[in-house]
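Assemble the complex: chain G is given as a structure, and chain C must be docked to it using the hints.
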Amino acid sequence: MKTRRTSWWSWLWAILGALYFFVPMYGTLDFSLKMERDKIGLLAYETVLSDPAFVSSFAFSLQMAVITILVSVALFVPTVYWIHLRLPKLRPVVELITLLPFIIPTIVLVFGLIRTFSRRPFLLTLTPLGTDVLLIAGYVILSMPYMYRAVDVGLRAIDVHTLTEAALSLGASWPDVILRVIVPNLRVAILSGALITFATVIGELILADFLVRPALGPYMVVIGEARAYEPAALGILSFGLTWAAMGLIQYFARGDAGRQLTVR
Amino acid sequence: MPFLQLSDITKHFGANVAVERFNLGVERGEFVTFLGPSGCGKTTVLRMVAGFEQPTAGQIVLNNRDITTLPPNQRKIGMVFQSYALFPHLTAADNVAFGLKLTKMPTAEIKARVAEMLDLVLLGKFGGRYPYQLSGGQQQRVALARALALQPDLLLLDEPLSALDAKVRAEVRDEIRRIQRRLNITTVFVTHDQEEALSISDRIVVMNQGAVEQEGPPFEIYNYPRTAFVAAFVGTLNRLAGHVVDATQGRVRLGDVTLQTEAPLPHSDGAKVTVMMRPEELRLITVDADVSGLNGNVLDATVEAISFLGAVVRLQVRTSLAPLTIDVFNERQLQLPAVGDQRRITVPPEACLVMTDA
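As given, the protein sequences belong to chains G and C, one line each in that order.
Just so we're aligned, residue 1 is where the first sequence starts under our numbering, counting upward by one.
Just so we're aligned, residue 265 is where the second sequence starts under our numbering, counting upward by one.
So that you can see chain G by itself, here it is in the shape it has in the complex (with noise of 0.2 Å):
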């Protein structure tokens, strides 16, 4: 008796929730079907998607992001491992910095990185690449909690030490342990963590802002300030991508877990 209540409870607050998430989504989809006066069709996404400032502004954050994903894996895989495996007393410091970015705004961060790389010897703003270098830089720091948080968590559902040393015995070098090793078992981990940088890094507005580049944030913002049904389009692609990207990191995921966890 008391499990049937149970149920019902979970199911009512079940309901509750996708109500809350997909009632103003589903007012976002269909306001972005009827930019056509009476009809249903996809004009707005057609609109957004030939739009040549769309594509270029997506090509942009696309190379961002994956230029971050790189530099994220290459700086916090290696970082993580070691403290892992010589310096875990360091670990509770090291989580309090990846936090930072919550605490601190971005429009601090990017103010930060104005002020500092303006001027004589870190004169970074002058150019488009200097620029690219400094936004590149902040997307990390933003990619940060999650990034660190993801090879954290892969790390710790594997034994680190052992392994290490067991490769170590069979003639490995460190970068071997690191390549061959720890990177293949960290798979779903650097994925997810690449993922959510991803996601974070397309939708992302204010560095690329106040850093002035042709990203998709600040599109988003100049459409949304001239037109009614694009921008809706924009918000349900967004969605979309963000999805795609969850949807991957649950695949990848799945397949993971069976082979770690099981055990005969």
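To be clear, the hints were calculated from the coordinates, so they are not data collected in a lab.
The beta-carbon is built from N, C-alpha and C at its ideal position, and this holds for glycine as well.
Just some of the chain G residues that point at chain C, by a computed CB distance under 10 Å:
1) Ile158
2) Asp159
3) Ala166
4) Asp176
Below are the SDA-like pairs computed for lysine to any residue, each with C-alpha atoms no more than 20 Å apart in a straight line:
5) C:Lys375 to C:Tyr394
6) C:Lys431 to C:Ala575
7) C:Lys368 to G:Leu179
8) G:Lys89 to C:Glu317
9) C:Lys365 to G:Gly171
10) C:Lys431 to C:Arg442
11) C:Lys340 to G:Gly171
12) C:Lys365 to G:Leu163
13) C:Lys340 to G:Leu163
14) C:Lys365 to G:Trp174
15) G:Lys89 to G:Ile158
16) C:Lys375 to G:Gly171
17) C:Lys340 to G:Ser173
18) C:Lys365 to G:Ser173
19) C:Lys365 to G:Val183
20) C:Lys389 to C:Pro352
21) G:Lys89 to G:Pro145
22) G:Lys89 to G:Arg156
23) G:Lys89 to C:Ala279
24) G:Lys89 to G:Leu99
This is chain C only, laid out in the frame that chain G set:
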């Protein structure tokens, strides 16, 4: 010079002394076991040999090569870990091939060596399976094949059987010994399990508090322990406190009983000693049995408990001195007493190990 020579190896972790002036020589092809309780330093010594810990002082020489400061990946030492440590993302065959690929060995040779190693551990048909598709025993055999594939100078086994259940443990233990003998590979095995150590080793090094208590063949360690610690740690033991009454005649007084031991004692008369006896060396007889010619080494006893352990029946008896444990080998015709029965215990003089009280 022995094939592996550990000279005055010392290891401090901060203020803690884990290993103190440890000396050992291991001959080529020998199977040596470090036996001792948790925290005695046996694994620390093994890890220093492997290169995972750096000795605070001392020298390690393997095959006439000083490896004391050499990184683990340059020592030519294979290691098998308690937790198997197979790479989860690789199949059994790829695990075995891991070290070979790092040596840039031609692919055909790697394939042949992997097949040979998997056949050696009787897993020739399991090469395509991932670790999660193998049982614990199979995983440990793959780990052994992986360690042996590189044909190391030395094989280190860090409690490799601890995670296995009893039956599989015995199987894998016998298999390790068979393979070690076949390849004649010098092996150092670490365990806290005395039965494992006694059954598998050419020589046992009993360790306590970072130092060697005694080393020798299993037979010697079990039957002729030189310290009270070794006597107590290896095998089950009855201990009775007393004092020497006639050292030249080897006589010890325990309460109201005087025991005749095997030989003159190296103690002075009146010295406080502990007499130790293996349960399987004591004999249980009926109260009316003839005890003449037993040098008075007879104790009256009451049976308090009987445990059937398969090959052995273990009896707990109460005597005027202390409770004692007696092991009787099981056989179908065995006439066991009942709990509460009165019996006598005979103590052969050669069963008495006399140790000075610490």
